[in-house]
Structure formats: structure tokens, C-alpha cells
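Engineer: Each protein sequence line maps, in turn, to chains F and D.
Those letters in the first sequence? Residues 24 to 469, by our numbering.
Those letters in the second sequence? Residues 24 to 163, by our numbering.
Keep in mind that the hints were calculated from the coordinates and are not lab data.
Quick reminder that beta carbons are idealized off the backbone N, C-alpha and C, glycines included.
Hints may be right or wrong, so weigh each one.
[To be verified] What follows is a set of in silico ranges between Cβ atoms, one per label pair, in the way DEER data are often shown:
| hint | chain 1 | residue 1 | chain 2 | residue 2 | range |
| --- | --- | --- | --- | --- | --- |
| 1 | D | Lys65 | F | His55 | 44 to 50 Å |
| 2 | F | Thr425 | D | Ala42 | 43 to 49 Å |
| 3 | F | Ala421 | D | Glu78 | 26 to 32 Å |
| 4 | F | Lys339 | D | Lys65 | 52 to 58 Å |
| 5 | D | Ile33 | F | Pro276 | 39 to 45 Å |
| 6 | F | Gly302 | D | Ile33 | 47 to 53 Å |
| 7 | F | Gly182 | D | Ala157 | 33 to 39 Å |
| 8 | F | Asp340 | D | Ala157 | 20 to 26 Å |
| 9 | D | Ala157 | F | Val318 | 40 to 46 Å |
| 10 | F | Ala321 | D | Asp62 | 21 to 27 Å |
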Amino acid sequence: MISSPLPIAPLLQWGEGAPAPYRGEPMNLTDHEQAMLAGAEGPARQYAMEQIVSVGRFFDAKDTVAISQVHIMADPEALGPSGLAFLEQLAALPKAQRRVRVPTVTDPRGVDFAAYKRLGQTEAMADLERRATAAFEALGVMMTNTCINYQSVIPPVKGEHIAFGDTGSSIYANSVLGARTNFEGGPSALAAALTGRTPRYGFHLDERRRGTTHFEVTARPHDLAEWGALGAIVGRAMTSYWEVPVLSGLAPPVTSDEIKQFGAALASFGSTPLFHMPGVTPEAPDLQSAFDGPVPAARRIGDADVAALMASYRPKDDKLDVVVFAAPQLSLFEMRELAGLLDGKRLSPKVAMLAATSPDIKAAADRMGLTATIEASGAVVLSGVCFYQMYAREIGQANGWTRLMSNSAKIVNILGGYGYEPVLASMEACVESAVAGRITGLGRSA
Amino acid sequence: MSMEAGTGRIWRGHPGPGARVEGEALVAADNFSARYDLDLTKGIFSRPTHKLVGESYVGKILVLNIAKGGVATAWMLREMVERGLAPKALILNFANPIMAQGAAFAKLPLIDRFPVDITAVVQTGRRLAVDPEAGTVAVV
């Protein structure tokens, strides 16, 4: 199971987990929504309602639900020229027609203007980034440029309906905070921002938030990389967006950074927006209450499974080109840990190290001297970007990077398809290797 | 099953976005993500572990299992349509919101949730009529 590609969905999916069959009923729209749909408030809000109705009908939403905040993913690599042209059309509308109606924040961008030349990014990439940012600002979007908005901007509250557009931010908000969101890709997050509404389906509904699958975890992850590995194992076992895994056996305390790595990996390997961890997450005070009806038989995940997942990202030799800490961006605490590990050390000239965080955390780290400690080693702190959303393939080619080491299971999953040979290891082993100029310190889980 | 026996067969799934189209089926039991599985400039499947690796999806009616991957696909389907490097329609066992949002944004025909495994009953090369409003896929 460990080395195979994502599993093919078994036939039981037709009975369990998937949404009910088509009812053929139209969505109930308010007078205001119908007016927006008819174009009474301009083409931006008309587009938004068309998008909401099209997606809502596809998932048999009865109506829309008011959302309190939006998180939008629109890095220039994903946007493409057509997405950018679309945003610029909206940005050119009169102010009353184009401004977002609820607080709207952005996911990481594709270019850090303080670092892009050093990384080998092109002026064309920087230009796309400038244009996208200008368009968003014209819409009234707040450029937070972070995927850890649940740690660093405004964490939503249990029961709060929101529209989050990054798989990692969505799974954290749903699972750890008890807020309610589907994966809202850029075009739909933008529609939610322009109207303050989203279709009421999926994880906005009580009945979709119940556990469907039970894992009994006998492993206890020792570091963030192993928390990610655990998320990867569960993610690989998921068969559809609608499956809600419940993980028993993991007692408190679990920290924000640990559950962030777990969730980001689960969402990345499985396209999964919600999990429950009885005793840890708010909608599962105990195992029984995570399910409707009897607790299903559990599939066990032990230390050997975690070790095997880690071992599946082991290199064939000790060559090392680049170490990346990102996906998700580092919290202030992770920045502190990295500064502690690098304090007084010097990276091998053969190895580059990048650490990505949000602009707000970067400012705090600057103020507290953490950035200076990290960069004195030769590492680079990146602000407002995330490695896989910033033309990772082209950066790798420009710098001759192939062998990449990270403590993020999510990033090793994604970058395998981008021409890298990724290695998953603890932050400690990553730092030790970057200093040594070769991969080392993989002992514990190997 | 011969081609003749297949003609006239019709499967009803869940209605979705996009206009009625006809085209040739390209079928696999694999999953689908625009960002991770495709080379968008060449119009071919590029992920080495995908059953359709090397195959062109341009102008085909793609019949696959479930939607996977991250959120970027929501933007990318429209880019593919505008560059003329898109499939004619997406027929999946199970779409996820990202695929539905991307298809709505691109106005790309999408149908899912059939009573059978659609990848097991439709063969590559069959000519299909896809009617998203009715939610039907027919062999013609």
C-alpha cells in the first residue's frame, strides 16, 4: 500500500459516503441573490451568482449560506493568463461593483519580490505576480499571502460558516476549529467574497460532518515529519472527498503545528477536508460521538506503517541540493525552532536552504531576531510564498536542484511530480544534512 | 461487447455544467487532477503512474474514476479550454467540489454519480453523446 499510487475507489463508494442522488429541485434564492444573478449589481456579482448556482445545483444545495470570511488561492501559476485576464476585467469595474463583501485574505503568492532574482525566477513571473496583486487589491482583497491564516490571521470559531480555498487551511478550520467549509477553489472563493454567500452543501451540513471510516492509531509520531507521514497514510486510504476519517488512539496533548502537518498531508494525499480525532478535535468528544450508529471496525496504523511511509522517501545516496521548509508555511514557533537549530551553524556551500513563512510571521521573526539567526547560516527566509506554488519546477531547473529534503509530507508528495527526488525527514535531520553537505541523520525511522 | 451492442446504451448520472457535446471516449479506471496528471502545454497525460500517460486528452470525452489533487484545477480547466487544449467533457464516477467549480468556471461539460462504475462500462474509442443538463451519457 505504501509505494502504490492512490487506491482506486472500491464499489462500496456507491452506497456509502457519496451524496444523495439528484433531486432535481432548483436552489432557493433570496430576492437579493436573484437580483445579483440578473446583473442588477454589475457583472462581477452576476458572475459570482452564476458560479454559486452552477456549483450549488451540482451538489443539490437547497440554498446558500452566509459566510464570514474568505481565503482565496490564486497563485499566478494556477491562475494562468486566462485567470489573470478574468481578474483584471473584474478589477476594471466601478468600485461599487467590484469590492468584496466580507473579509477576504489570500493564500501564498508565487513570487517574493525580495528573493525572486536569487531563486532564478524570471521578470515575466514577477510581472504576472504584480498584475495579480494589483487586481486583487482593486477588489478589496487583503494580501495576507498565507496558508496558515488559521494560526496567523483570524482563526474561525466552531460552527462559523466560511469559504476557505487551500486544502490545508480548510481541513484545519473544519477539523481542529469546528468551522464549516468546503474546498473553495479560486473561482468559487471569489464568488463567495463578492456575495458573502456560498452554496449550502457538503461540510456546511451536519449530516456530512459525521465520521465514516475508523483508524486506530497505535503509533505516536515523534516529530512534525512523522505527523505528516501519519496524515499521508490516512490520505492514501481515502476514496472520495466525502469520506470522513476518525482517528482513535491519539491522546492529547497534540499541538497546533503537529495537527497542522497531519491535516495538510491528509488533505494533500487524500483530497479530504475533515477528520475527527476523539478527545482532541471539537466535534468528537469521544469515539462513539464521532459516528452515527455503531463504531465501525478499525484499520490499525502502527509505528511500522509510519516508518515505512518515511522510508518510501529515502534517497539512494547521500547527495543533497536543497532543503525546503514550507507547505504549510512555518509558524512563529517553527521559526523559533529552526533558528535554534541553526544558531551558530553554517550551511555547506553545496546546499541551499529555504524557509517559507507568512509576511506577518516574517515581520515578527525579523523583530525578534529569528530571521537574522536563520539567515546568518546561509539559509533564506521567504515571505508570502510557498515552495510548490512558486514555479517549483522552473526554480529547480534554474538552480540545478534535484535532491530535495523537507520535513513536510505534503511537499514531498507534490514535488515528486515536479522533477525532484524528495526526501522526508525531521527538521533536525534536514538541518544536520544541510550543514554536512550530504544527507545524514535519517537513523531513527529508517 | 461489440460496438453494435453498445450503440444506444445510455447511462444517467448527475446533471452538471456545460453544453451538450459529442465525441470520442478516452477511458481509464484512474483518478484525475489537472495540475498533477497533465502536461497542459502538450495536451497529454504526463504523470508516469497514470494509465493514460502519453495519451492526448484534447477534444476527447474523458471518462475517469474520481477527482483528486489540490485546488489549482478550479482555475486551470478554463485556461485549458481557452487555449484549445481541453477535453470536450469530463465524465467521472465522483467529482469533488474543486472539479465542479473548475467545470462551472470553464463551462466544461461535467457529469458524475452514475448507478454503475462508468469507467467499467464505457470503452475507449466509443462515440458518446454527453448531455449535462439531462445528466446523460449515450453511445451513438
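Engineer: All the hints need checking, so say for each whether the structure fits it.
Structural biologist: Cross-check of the supplied hints:
1. Lys65/D / His55/F: 44 to 50 Å: holds, 45 Å
2. Thr425/F / Ala42/D: 43 to 49 Å: holds, 44 Å
3. Ala421/F / Glu78/D: 26 to 32 Å: holds, 30 Å
4. Lys339/F / Lys65/D: 52 to 58 Å: Given about 29 Å between the Cβ atoms, the range is violated.
5. Ile33/D / Pro276/F: 39 to 45 Å: Taking Cβ atoms as reference, Ile33/D and Pro276/F lie about 56 Å apart, which means the hint is violated.
6. Gly302/F / Ile33/D: 47 to 53 Å: Because 50 Å falls inside the window, the suggested range holds.
7. Gly182/F / Ala157/D: 33 to 39 Å: holds, 38 Å
8. Asp340/F / Ala157/D: 20 to 26 Å: violated, 57 Å
9. Ala157/D / Val318/F: 40 to 46 Å: Since the Cβ atoms of Ala157/D and Val318/F sit about 41 Å apart, the hinted range of 40 to 46 Å holds.
10. Ala321/F / Asp62/D: 21 to 27 Å: The hint (21 to 27 Å, Cβ to Cβ) is violated, given that Ala321/F and Asp62/D are roughly 40 Å apart.
Hint compliance for this structure: hints 4, 5, 8 and 10 are not met, and every other hint is.
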